[in-house]
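Residues per chain are reported as follows:
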Amino acid sequence: MNWTPAALSQDIPSGSAAPGQLGDKDIVIWRSASGRIAAWSDRCPHRGMRLSHGFVRGEFLSCIYHGWRYGDGGQCHRIPAHPELTPPEAIKVPVFAVVESGGIVWVAEKDAEPADLPMEFAGFASFRTIRTTVPASIVAAAFGCTGLELRGTLGGTDVVLLLQPLTDGCNLHVLAADGTGPDQLDRVSVAVEALRRQAESVQEFAA
Amino acid sequence: MNGGAMRDQWYPVAIAAQLPQKGRDSLLLGEPIHIATDETGGARVTDGAGRILPIISRYGHIWTSLGQPEQDLFPIPEADQPGRRLVDVGSVKVRCSPLRAVENFLDIAHFPFVHTDILGSEPHTEVERYEVEIRDDVDEVWATKVKFYQPQAAKSAQGGITTEYMYRVPSPTCSILYKTSPPRPGEWDVITLFVQPLTEETCEVWPWMALFDDDSSMTDMIHFQQMIFVQDRSILENQIPALLPLDPGKEIPTRADMTSIAYRRWLKRHGYTYGAQLVAA
Ligand SMILES: [Fe+2]
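Chains A and B, in that order, give the protein sequences.
Position 19 of the first sequence, counted from 1, bears residue number 19 in the working numbering, the numbering being contiguous throughout.
Position 167 of the second sequence, counted from 1, bears residue number 167 in the working numbering, the numbering being contiguous throughout.
Hints should not be assumed to be uniformly reliable.
[Said to hold, decoys possible] Partial chain B-side listing against chain A, Cβ under 10 Å, derived:
| no. | residue |
| --- | --- |
| 1 | P77 |
| 2 | E78 |
| 3 | E103 |
| 4 | D107 |
| 5 | I108 |
| 6 | A109 |
| 7 | F113 |
| 8 | E122 |
| 9 | P170 |
| 10 | R233 |
| 11 | P241 |
| 12 | P245 |
| 13 | L246 |
| 14 | R255 |
| 15 | A256 |
| 16 | D257 |
Because the hints were derived from the structure by calculation, they are not lab data.
Beta carbons: idealized from backbone N, C-alpha and C, even for Gly.
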């Protein structure tokens, strides 16, 4: 299996958590106060609550339901209802392999992560992610390509589009050529929204 | 025929004082029902085939059943006690299992995190040991001697107090909570959660209260309880799986969850499994 681009680094600031997907699995991507990124199963083992609704304090992610606190390796460190208790080692959130490179958060199944680091896109910087309900193949076709790593121009700027298939559509992670100014980036935004609408109309037409 | 053993239970479907004049369609255990006002101004509930269903008007609500209830609706003696104000809170539709909605109501450990600075606050997170039993004579789940520190326990509360609770589950989708009455120590305020199972993964929640509170306006008391429940909804719609797992292994309870453990065991024993997940998926 390859690395999956699951989010842009800039969208997961320190002290925050956000929902994501790896294949058909729901994951939480979060960053500790010191800047460490992690990708875990998006489910607290206690009562099944989504951890992406939780809160980050220091190097820990806590579930919003009962405040169960998890750290390195998904290990539970604290159960607030029983402050004196050391949680058993078995209370653990399944974790995923994660690396950041080129402003992208890449995720893979733990212990099945590719030997090679994710591809780097020299000369490009991460710009923004937009989500659509259209499958990746239709988005790629609307861009005149196939595959999940697309190169071309949007709004007159050279871009790389990384498509991340989701259970109900796909994410478009947009990388723009280094040095692209704010006005040009605005045009990239307009063009990528237009691409999404075009793909969505193709899908509606097909349906 | 949906619902299995839960088919013969009574379920709330409307507020008795707010009957729909033009009729209203709803669901019960996944089957269509219609709630209407009859010629005399009373309630009439029919199923999808037009059959008139049995009804009871009690505790502010109209109750009905798709099956043949062997028993009367469970008693709440406090409902008739003088001096209490009876509050029809209204309804909140939630995309969750009706059983998950009840289980959340039985849980105090979430107060500091979900109802922050109202029903609980850090660092007062500890849940002390309390007592839980399934009372065979009445066939109800009871939790007693439940204590929790609360910054603002009720609309009538001034500042933080340690509140004592009792919980009671007299039917699979109804729970009654007794809590220390801030203006009347020695008496219990009664707060109920009556749940109408629409489907296995959606429900209509009808909270109802019988309180000692002479000062707060009805609107304030209703808003307070609705605010609490809207906070709960943000949890209930984000639990995985949506169904309540009854088999051990899928979730990890602790001592603070003793009421929920007893509730799940009681549901399983009776085959009350509409909204439950039985085989670990
Ligand atoms: Fe709650």
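Hint-by-hint comparison with the structure:
1. Restraint check, P77/B versus chain A: the minimum CB separation of about 32 Å is more than 10 Å; hint violated.
2. A distance limit of 10 Å between C-beta atoms decides the matter here; for E78/B the minimum to chain A is near 29 Å, and the interface restraint is violated.
3. The interface hint given for E103/B holds, since its Cβ lies 8 Å from the closest Cβ of chain A, which is under the 10 Å cut-off.
4. With 10 Å as the threshold, the beta carbon of D107/B comes within range of chain A, its nearest partner Cβ sitting at about 8 Å, so the hint holds.
5. For I108/B, the interface hint holds, the least distance from its beta-carbon to any beta-carbon of chain A being 8 Å, beneath 10 Å.
6. For A109/B, the shortest C-beta to C-beta distance to chain A is roughly 4 Å, which falls under 10 Å, so the interface hint holds.
7. Look at F113/B: its Cβ gets to within about 5 Å of chain A, closer than 10 Å, so that hint holds up.
8. Against a cut-off of 10 Å between C-beta atoms, the interface hint on E122/B holds, since the closest Cβ of chain A lies about 7 Å away.
9. Interface restraint check: P170/B against chain A, minimum CB-CB distance 23 Å, threshold 10 Å, status violated.
10. At its closest, the beta carbon of R233/B sits 12 Å from a beta carbon of chain A; the interface hint therefore is violated under the 10 Å criterion.
11. With its C-beta approaching chain A no nearer than about 7 Å, P241/B sits inside the 10 Å limit, and its interface hint holds.
12. Nearest Cβ of chain A to the Cβ of P245/B: about 8 Å, under the 10 Å cut. The hint holds.
13. A hinted interface residue such as L246/B counts as satisfied when its beta carbon comes closer than 10 Å to some beta carbon of chain A; here the least separation is about 13 Å, so the hint is violated.
14. A least Cβ separation of about 7 Å between R255/B and chain A falls short of the 10 Å threshold, and the interface hint therefore holds.
15. At its closest, the beta carbon of A256/B sits 4 Å from a beta carbon of chain A; the interface hint therefore holds under the 10 Å criterion.
16. Given hint, D257/B at the interface with chain A, holds; its Cβ is 8 Å from that chain's nearest Cβ, closer than 10 Å.
When each numbered hint is compared with the structure, violations occur for hints 1, 2, 9, 10, 13.
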